[in-house]
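S.K.: Here is how the chains run, residue by residue.
2 protein chains.
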Amino acid sequence: MTTGDFASTYPERLEQAASELRSLLGARASTAMAVRDHHSHGESYHPSALPDAVCLPHSTAEVSEILKISAAHEVPVVPFGAGTSVEGQVNAIRGGITIDLREMNKVLRVSAQDLDATVEAGVTRLQLNKTLANTGLTFFIDPGADCTIGGMASTRASGTTAVRYGTMADNVLGLKVVLADGTVIKTGSRARKSSAGYDLTRLFVGSEGTLGVITEVTLKLHPLPEAVAAAICAFDDLRGAVETVIETMQLGASVARIELLDDKQMDAINRYSKMDYPVAPTLFFEFHGLNDQHVSDQAALAQSLAEQHGGREFQWATRLEDREKLWDARHDAYYASLALRPGCKGFVTDICVPISRLAECILETQEDNLGASFPMTLVGHVGDGNFHMAYMLNPDSEAELNEAHRLLDRMVTRALAMDGTCTGEHGVGYGKIRYLEQEHGPAMDVMRAIKRALDPDNRMNPGKIVEPQKAATALPTGR
Amino acid sequence: MTTGDFASTYPERLEQAASELRSLLGARASTAMAVRDHHSHGESYHPSALPDAVCLPHSTAEVSEILKISAAHEVPVVPFGAGTSVEGQVNAIRGGITIDLREMNKVLRVSAQDLDATVEAGVTRLQLNKTLANTGLTFFIDPGADCTIGGMASTRASGTTAVRYGTMADNVLGLKVVLADGTVIKTGSRARKSSAGYDLTRLFVGSEGTLGVITEVTLKLHPLPEAVAAAICAFDDLRGAVETVIETMQLGASVARIELLDDKQMDAINRYSKMDYPVAPTLFFEFHGLNDQHVSDQAALAQSLAEQHGGREFQWATRLEDREKLWDARHDAYYASLALRPGCKGFVTDICVPISRLAECILETQEDNLGASFPMTLVGHVGDGNFHMAYMLNPDSEAELNEAHRLLDRMVTRALAMDGTCTGEHGVGYGKIRYLEQEHGPAMDVMRAIKRALDPDNRMNPGKIVEPQKAATALPTGR
Chain A
5 MTTGDFASTY PERLEQAASE LRSLLGARAS TAMAVRDHHS HGESYHPSAL
55 PDAVCLPHST AEVSEILKIS AAHEVPVVPF GAGTSVEGQV NAIRGGITID
105 LREMNKVLRV SAQDLDATVE AGVTRLQLNK TLANTGLTFF IDPGADCTIG
155 GMASTRASGT TAVRYGTMAD NVLGLKVVLA DGTVIKTGSR ARKSSAGYDL
205 TRLFVGSEGT LGVITEVTLK LHPLPEAVAA AICAFDDLRG AVETVIETMQ
255 LGASVARIEL LDDKQMDAIN RYSKMDYPVA PTLFFEFHGL NDQHVSDQAA
305 LAQSLAEQHG GREFQWATRL EDREKLWDAR HDAYYASLAL RPGCKGFVTD
355 ICVPISRLAE CILETQEDNL GASFPMTLVG HVGDGNFHMA YMLNPDSEAE
405 LNEAHRLLDR MVTRALAMDG TCTGEHGVGY GKIRYLEQEH GPAMDVMRAI
455 KRALDPDNRM NPGKIVEPQK AATALPTGR
Chain B
5 MTTGDFASTY PERLEQAASE LRSLLGARAS TAMAVRDHHS HGESYHPSAL
55 PDAVCLPHST AEVSEILKIS AAHEVPVVPF GAGTSVEGQV NAIRGGITID
105 LREMNKVLRV SAQDLDATVE AGVTRLQLNK TLANTGLTFF IDPGADCTIG
155 GMASTRASGT TAVRYGTMAD NVLGLKVVLA DGTVIKTGSR ARKSSAGYDL
205 TRLFVGSEGT LGVITEVTLK LHPLPEAVAA AICAFDDLRG AVETVIETMQ
255 LGASVARIEL LDDKQMDAIN RYSKMDYPVA PTLFFEFHGL NDQHVSDQAA
305 LAQSLAEQHG GREFQWATRL EDREKLWDAR HDAYYASLAL RPGCKGFVTD
355 ICVPISRLAE CILETQEDNL GASFPMTLVG HVGDGNFHMA YMLNPDSEAE
405 LNEAHRLLDR MVTRALAMDG TCTGEHGVGY GKIRYLEQEH GPAMDVMRAI
455 KRALDPDNRM NPGKIVEPQK AATALPTGR
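Sequence lines, in order, name chains A and B.
When we follow the numbering used here, the leftmost residue of the first sequence carries the number 5, and every step to the right adds one.
When we follow the numbering used here, the leftmost residue of the second sequence carries the number 5, and every step to the right adds one.
Keep in mind the hints are simulated off the structure, nothing from the lab.
Please note that a few of the clues may not be correct.
Identical copies carry no separate label here, and so any pair may be met within one copy or between two of them.
[Claimed, not checked] Using 25 Å as the maximum straight-line C-alpha spacing, the simulated SDA-like pairs for lysine to any residue come out as follows:
no., residue 1, residue 2
1, K268, L405
2, K72, M448
3, K224, S360
4, K224, D174
5, K224, A363
6, K110, N398
7, K190, S360
8, K474, R456
9, K190, L440
10, K134, G99
11, K474, A75
12, K72, L294
13, K329, H226
14, K224, G256
15, K278, P460
16, K224, R418
17, K278, F378
18, K72, G148
19, K72, A231
20, K268, L60
21, K349, H226
22, K474, D185
23, K110, D372
24, K190, A457
25, K134, T13
26, K268, V283
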């Protein structure tokens with residue numbers, strides 16, 4: 005799709021494809037600019053990129069037909085969920101057909117006995133949890149935004165509860181996927197475990213639409229804990245907070261959430277959410293257990309560890325409304341940061357390191373960031389060793405964007421030197437693509453071989469994660 | 005490797021390869037019959053199949069050289085660990101070079117802070133846990149046998165503790181793998197989670213040497229629980245036992261082991277281990293917690309559920325020696341079954357279904373087995389919906405083997421109709437290969453495409469899991 009001749013026929017091929025899509029979907033296939041524009045970006049700083057057409061299928065069979073049209077006319081496809089991705093995953097950087105899965109939003113079945121559910125890809129996590137009300141079950145993965153389950157699977161998302169309940173890699177039992185040629189496959193089963201061949205479920209989870217379009221997801225659910233308590237605790241310094249986390253994990257306390265926020269983030273939250281938390285490095289905890297005694301035993305353990313590491317008093321939230329207030333403040337952290345600099349654009353990093361290196365990694369990063377020309381805040385899912393620096397950039401300043409990229413480059417180099425990863429949960433899209441060679445080395449050839457095997461024409465969300473050939477033309481990197 | 009011309013040159017190519025292997029490894033490359041014979045089989049009923057040569061490498065670099073020799077002369081390679089596999093995974097059904105990894109048996113590093121370790125593939129799980137003594141950590145996956153960690157990763161093994169601590173898919177953070185052409189790659193990292201591209205770790209876990217040879221494994225460890233209690237409870241019938249399991253899981257009690265044994269298995273254990281357990285369907289439980297109170301709260305919950313479902317009194321084992329006696333009896337279940345029929349050969353099945361279907365699946369299976377001409381016993385990792393029927397066959401009777409296969413065929417069909425899998429933890433090898441099409445349908449084409457992409461010559465443990473082409477010649481199935 006890069007040779008001149010081929011590119012020159014794109015307008016006719018696209019027109020053919022659009023016409024067939026309209027026959028298939030009627031008004032649910034659109035080339036209207038407003039629709040294309042809405043689908044040109046996620047929630048990140050990466051430049052928007054318009055798809056040529058947008059489809060709103062209602063079934064896996066329709067997605068299969070769309071893929072067949074894409075194949076016949078060699079037009080790229082880009083899957084789209086809630087549009088909350090942050091690495092340009094949904095930006096149509098090579099044009100083509102965006103498949104918006106939001107109208108495939110049925111919860112297909114829930115089994116309280118098996119603690120599982122099957123949903124269409126466009127179901128959002130809040131929608132699913134609303135459906136689960138009164139079942140005693142919940143879907144625990146919480147990346148903050150109300151993402152679609154299909155999008156979360158595609159990105160291998162996680163969030164605040166991963167420390168206890170795992171990531172999407174741990175919580176997807178099976179998928180329905182439409183391949184590049186329109187073939188529909190099922191991966192996995194409803195069995196809790198299987199050794200029956202290659203783990204295709206885990207291959208498609210995190211593949212960001214580059215190997216196929218996920219249309220259904222079978223998920224593990226969890227029983228709602230009988231007892232829950234949350235607390236926050238401010239620390240004299242970051243190191244003490246991180247040491248508390250390491251020791252809490254090591255003792256096997258089954259903490260359900262353990263989040264770090266730096267002093268600047270706490271200040272931003274106080275301003276935005278009208279709170280009066282101490283402006284200091286702070287841990288947010290949540291404990292889940294079988295009864296109040298279990299929860300308070302675990303909490304007491306964490307509290308005593310905190311006290312040994314410069315933690316000040318715990319502020320408890322055991323009532324549901326108090327917990328919600330606390331976690332709402334945490335959820336709003338990003339918006340609170342954006343409000344620090346009205347009109348700014350957020351640029352969010354996402355490294356993850358072994359937790360033994362976390363304090364060092366955070367402190368070196370903060371040292372490196374001294375004197376940056378824009379404000380920034382830190383939040384971390386520290387039980388997993390994952391943290392985000394959010395930079396508040398002037399959207400019109402190329403100098404600030406370049407500075408942000410330089411800081412990110414050094415942060416990723418630091419994380420990789422510590423045996424970590426360039427992205428803990430946000431995925432690659434095209435924002436992180438330039439770090440993959442550095443992170444994976446020759447294993448990238450395996451990813452390329454798989455991409456070639458499943459998408460030989462490079463039509464599936466092209467330009468994201470990996471190109472079929474190593475000697476690809478220079479990629480847009482937003483830089 | 006199937007055309008006549010090519011096959012006719014095999015002896016010369018093999019001699020060349022063997023000569024180069026001797027130059028590389030000296031006495032650690034062998035073509036002696038005793039060595040080949042030892043490496044011709046695992047622990048199953050499948051007919052032995054001799055490799056042509058056996059290598060004992062000491063490093064990943066040596067494995068890489070072996071693969072280069074295999075590539076140059078187009079000779080198959082078969083990885084070999086402890087030889088405990090049960091689906092013919094290590095049988096050299098196309099001949100070639102067996103790579104025995106037992107002398108790559110160093111624990112390379114342990115991090116108590118990060119709860120992880122990196123080991124060479126030939127380290128066994130008991131060896132690892134011995135190394136971990138006094139660290140407060142343990143590697144929890146327990147398939148019974150003292151398998152190598154590399155073998156467990158290759159087979160996606162699990163066992164009694166998977167209900168709480170997961171399978172190898174959940175406990176491997178990263179791998180070192182040697183590819184078909186000798187290229188060495190690293191997958192994953194020591195970060196607890198990552199969204200940085202395709203999940204190659206999970207692709208190689210469970211691939212049984214068909215995509216590459218695993219030489220190093222980075223594993224999650226777990227803190228030893230502060231408090232542990234175990235118990236057994238006999239039930240009036242199987243259904244009551246399984247209902248107890250379902251409700252225990254649903255309440256979120258963090259049971260660490262929950263094992264079902266049928267009356268015949270209990271009888272076998274009593275005879276073999278000189279115990280006097282009731283001869284009735286029985287659950288073995290283990291609870292892990294932060295303190296004795298947690299453990300006893302969970303146990304009390306399970307006990308009250310058991311009482312509602314025809315469970316008789318709990319026999320407790322809280323002291324370490326009593327627990328060990330109980331789990332030794334469970335571990336010896338298979339040998340106890342074999343002792344029911346001296347001189348017999350065991351044939352073990354391994355289906356896994358959603359637990360809501362487990363009672364039905366077991367009862368239908370037992371009904372179907374009535375009148376079988378050989379003794380059989382049942383053990384199940386029932387928290388996961390996984391159970392094994394072990395058939396005690398006369399090794400000289402083809403009629404019994406055929407009868408066992410017919411029972412297995414129907415059991416697999418039953419499991420798949422219930423949204424389950426033909427193998428929960430034993431893997432495919434060539435013993436289960438004929439069920440994969442039935443289980444995965446068109447997804448098998450994706451597995452074949454991946455196999456072709458990574459092993460175009462079909463040299464990597466050929467004839468196991470999947471062939472590169474659909475129209476492969478009939479495979480040996482042990483039938």
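S.K.: Which numbered hints turn out to be false for this structure?
M.R.: 6, 10, 12, 15, 18, 19, 20, 21, 23, 25
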